[in-house]
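I would like the entire structure built from these sequences, with the hints used as guidance.
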Amino acid sequence: MVALPIGGQAQVTGTSRPISVGLVVSKTGRLSETGQGFINGFEMALEEVNSQLSDVSLRFIVEDDQSTIEGATAAYNKLIHEDGVPVILGVYTSTMVRAVFPIAQENEVVAISPTSAARGLSAIGDFVFRVALTVDSLIPGSVKLTREKLGYERVATMYQSMDVFSQSSDEVLKSAFSENGVEVLTTETFETGAMDLSEQFSRIVALNPDAIFVSAISAGRTQALIDGGQHGIPILMPLLTMDEVERAGEAAEGAISFTYWSSTGNVPANRAFVENYMTKYGAAPGRFAAVSYATVHILAKAIADAQSPDSHAIRDALAQIENLDTILGSFSFDANGDAVYDPAVLIVKDGKFEVFDTKTALATIGETNESGVAGKAVFTQIGDNIKLVVSLANASAGEHAVHIHATGDCSAPDGTSAGGHWNPTGVAHGKWGEGEFHLGDIGNMTVDDQGMGKIALTTNLWEMNTGSDIDIVGKAIIVHAGADDFVSQPSGNAGARIGCGVIELGQ
148 MVALPIGGQA
158 QVTGTSRPIS
168 VGLVVSKTGR
178 LSETGQGFIN
188 GFEMALEEVN
198 SQLSDVSLRF
208 IVEDDQSTIE
218 GATAAYNKLI
228 HEDGVPVILG
238 VYTSTMVRAV
248 FPIAQENEVV
258 AISPTSAARG
268 LSAIGDFVFR
278 VALTVDSLIP
288 GSVKLTREKL
298 GYERVATMYQ
308 SMDVFSQSSD
318 EVLKSAFSEN
328 GVEVLTTETF
338 ETGAMDLSEQ
348 FSRIVALNPD
358 AIFVSAISAG
368 RTQALIDGGQ
378 HGIPILMPLL
388 TMDEVERAGE
398 AAEGAISFTY
408 WSSTGNVPAN
418 RAFVENYMTK
428 YGAAPGRFAA
438 VSYATVHILA
448 KAIADAQSPD
458 SHAIRDALAQ
468 IENLDTILGS
478 FSFDANGDAV
488 YDPAVLIVKD
498 GKFEVFDTKT
508 ALATIGETNE
518 SGVAGKAVFT
528 QIGDNIKLVV
538 SLANASAGEH
548 AVHIHATGDC
558 SAPDGTSAGG
568 HWNPTGVAHG
578 KWGEGEFHLG
588 DIGNMTVDDQ
598 GMGKIALTTN
608 LWEMNTGSDI
618 DIVGKAIIVH
628 AGADDFVSQP
638 SGNAGARIGC
648 GVIELGQ
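Using my numbering, the first residue of the sequence shown is number 148, and each one after it goes up by one.
Keep in mind that a hint or two might mislead.
Claimed, not checked - Here are the simulated BS3-like cross-link-like pairs (lysine-lysine), alpha carbons at most 27 Å apart as the crow flies:
| # | residue 1 | residue 2 |
| --- | --- | --- |
| 1 | K506 | K601 |
| 2 | K523 | K534 |
| 3 | K499 | K578 |
| 4 | K496 | K534 |
| 5 | K523 | K499 |
| 6 | K534 | K499 |
| 7 | K506 | K534 |
| 8 | K291 | K523 |
| 9 | K427 | K174 |
| 10 | K601 | K534 |
| 11 | K321 | K601 |
| 12 | K578 | K291 |
| 13 | K321 | K534 |
| 14 | K291 | K321 |
| 15 | K523 | K496 |
| 16 | K506 | K321 |
| 17 | K534 | K291 |
| 18 | K601 | K496 |
| 19 | K291 | K601 |
| 20 | K496 | K506 |
| 21 | K534 | K578 |
| 22 | K321 | K523 |
| 23 | K578 | K523 |
| 24 | K506 | K291 |
| 25 | K523 | K601 |
| 26 | K499 | K291 |
| 27 | K601 | K578 |
| 28 | K427 | K499 |
Unchecked claim - So the derived label-pair ranges between C-beta atoms look like this:
| # | residue 1 | residue 2 | range |
| --- | --- | --- | --- |
| 29 | N254 | F207 | 15 to 23 Å |
| 30 | K499 | T554 | 37 to 45 Å |
| 31 | Q597 | T334 | 40 to 48 Å |
Calculated from the structure, these hints are not laboratory results.
This one's a predicted model, so the numbers in the text were calculated from it and none came from an experiment.
The beta carbon of each residue, even a glycine, is placed where N, CA and C say it ideally should be.
This is how it looks when you write it as structure tokens:
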């Protein structure tokens, strides 16, 4: 007999022998930094599950894949042919999963990868399952959300070559960009173990993208943050983890992660998991601990429903799991054995992940004085900070002053309807960040020989849609024919107005 108590913990009765479950983790090698997180989550869940059992317990047989395909293959073969386990949990990377899932399928042993996210790997057969969201489930909605909030139109991508997940992620990103009208300017690659990505980022930055998307695993994500975070361009990474953020330090600030679990997730079981994990291990859980913990509870539910330790019965029960309450949210498997639940989009703020929640304001810059210029200004508020990115096309090469003006009116052909500089604090005109300056004194944009230019600024001196004196909504962005000298009063002697756009609150 099998019963399932409240909370999703399995209770199996009617037999006296333990059920052996194989674990394959990276205890040594280049991925060993991930191994302890997996083990902690597995063991914590095992204790909870076994505390609910009467005559039966689960026990783990742990094997080290040595962070290699060969090690993973050897571990799977040992667990199947020597230990005779009906279920194996692991491995970490999609590259290894591609090698070991066929072994499990051929031998009719259930295999569950907690973390593999490359597309298509579960479709090889009915004994293989994945708990992490695949890139097909994770990326399209995350791209749609972040594009709506950040307003990116021209992006660059970078991925870790010879890694199955990274290649798959880059493919799905590009498909999502195509569906959302986003132009991909270039794609860079790097090899596993690369310790310097500065050349790749230099080539990307020269193209002036609105955002950079990096697909990599573990150390590759950390290195990309270290080398790419200094350029002031938003970096977005599928499955960025807190461990990687901590290793990258200040370079990770503002990075955005598309992921499947957050410690701040508003699910009762998740809040309890985080608290219990911190009590047990003295540190906050990471994504690997969370997903391995969830995997054991999902398996326990299947064993309870199967009323049997037989791999065929467990397979059938896993396939039937639908809307199970877990720390990941309401969890189901689709017809291919891939997970279905809601993803999370997180942003690094003050060195910690927060739910990505922004307000935006936009200004479409049109020509004045028959200049022919066109562009946009995107204001993005995250927490107390507002980031402004102004991009321009069809302008003459050289420096052009960019200011916020007091009146949101671009009706006059020469732009004078926008009024004078926005100066709510009533101080002298100057250079941003040096002595006195108007809150509308953005600075000088450099336009290249192709007529393209961009300037960015992040500040906590503005507000958005508050109705206060320092609210930027309802003002105007003005681009001038010349450079601001930062001295002449009241506006820097920047010449005629060649572009104007009214700042309006985004949707």
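Here is what the structure says about each hint:
1. At most 27 Å may separate the alpha-carbon atoms for a hinted pair to count; K506 and K601 meet this at roughly 21 Å.
2. For the hint linking K523 to K534, the alpha-carbon distance of about 14 Å falls within 27 Å, and the restraint holds.
3. This hinted pair does not check out: K499 and K578 have alpha carbons roughly 32 Å apart, beyond 27 Å.
4. A hinted pair counts as satisfied when its Cα atoms are at most 27 Å apart, and K496 with K534 qualifies at roughly 13 Å.
5. A C-alpha spacing of about 31 Å is found between K523 and K499, which places the hinted pair above 27 Å, so the restraint is violated.
6. Taking the CA atoms of K534 and K499, the gap is near 19 Å; set against the 27 Å cutoff, the hint holds.
7. This hinted pair checks out: K506 and K534 have alpha carbons roughly 11 Å apart, not beyond 27 Å.
8. Proximity of K291 to K523 is assessed by CA-CA distance (about 19 Å); at most 27 Å being required, the pair is judged to hold.
9. A distance of roughly 21 Å separates the Cα atoms of K427 and K174; the hinted pair therefore holds under the 27 Å criterion.
10. Distance restraint check for K601 and K534: the Cα-Cα separation of roughly 13 Å lies within the 27 Å cut-off, and the hinted pair is therefore satisfied.
11. The suggested pairing of K321 with K601 holds, with an alpha-carbon distance near 24 Å, which does not exceed 27 Å.
12. A distance of roughly 36 Å separates the Cα atoms of K578 and K291; the hinted pair therefore is violated under the 27 Å criterion.
13. With a C-alpha separation of about 25 Å, the suggested pair K321 and K534 falls inside the 27 Å cut-off, and the hint holds.
14. For the suggested pair K291 and K321, the alpha carbons sit about 12 Å apart, so the restraint of at most 27 Å is met.
15. Distance restraint check for K523 and K496: the Cα-Cα separation of roughly 26 Å lies within the 27 Å cut-off, and the hinted pair is therefore satisfied.
16. For the proposed pair K506 and K321, the alpha carbon gap of about 25 Å is at most 27 Å, so the pair holds.
17. Distance restraint check for K534 and K291: the Cα-Cα separation of roughly 20 Å lies within the 27 Å cut-off, and the hinted pair is therefore satisfied.
18. Among the hinted pairs, K601 with K496 is consistent with the structure: their alpha-carbon atoms are about 24 Å apart, no more than 27 Å.
19. The suggested pairing of K291 with K601 holds, with an alpha-carbon distance near 23 Å, which does not exceed 27 Å.
20. Between K496 and K506 the CA atoms are separated by roughly 15 Å; this keeps the pair inside 27 Å, and the hint holds.
21. Between K534 and K578 the alpha-carbon distance is near 18 Å, which keeps this suggested pair within the 27 Å criterion.
22. Note on K321 and K523: the hinted pairing holds, with a Cα-Cα distance of about 23 Å set against a maximum of 27 Å.
23. A threshold of 27 Å between alpha carbons decides the hint, and for K578 with K523 the separation of about 22 Å falls inside it, so the pair holds.
24. A distance of roughly 15 Å separates the Cα atoms of K506 and K291; the hinted pair therefore holds under the 27 Å criterion.
25. Restraint check: the Cα-Cα separation between K523 and K601 comes to about 10 Å, which is no more than 27 Å; the hinted pair holds.
26. Between K499 and K291, the direct Cα distance comes to roughly 23 Å. Compliance with the 27 Å bound is thereby established for this hinted pair.
27. Restraint check for K601 and K578: the C-alpha separation of about 18 Å stays at or below 27 Å, so the hint holds.
28. Simply put, K427 and K499 have alpha-carbon atoms about 21 Å apart, close enough for the 27 Å limit, and the pair holds.
29. Here the CB-CB span from N254 to F207 is close to 19 Å, well matched to the stated 15 to 23 Å.
30. Checked against the hint of 37 to 45 Å, the pair K499 and T554 passes, with Cβ atoms roughly 40 Å apart.
31. Checking the proposed 40 to 48 Å range against Q597 and T334 shows it is violated: the Cβ atoms sit about 21 Å from each other.
In terms of the numbered hints stated before, the structure departs from hints 3, 5, 12 and 31, listed from lowest to highest.
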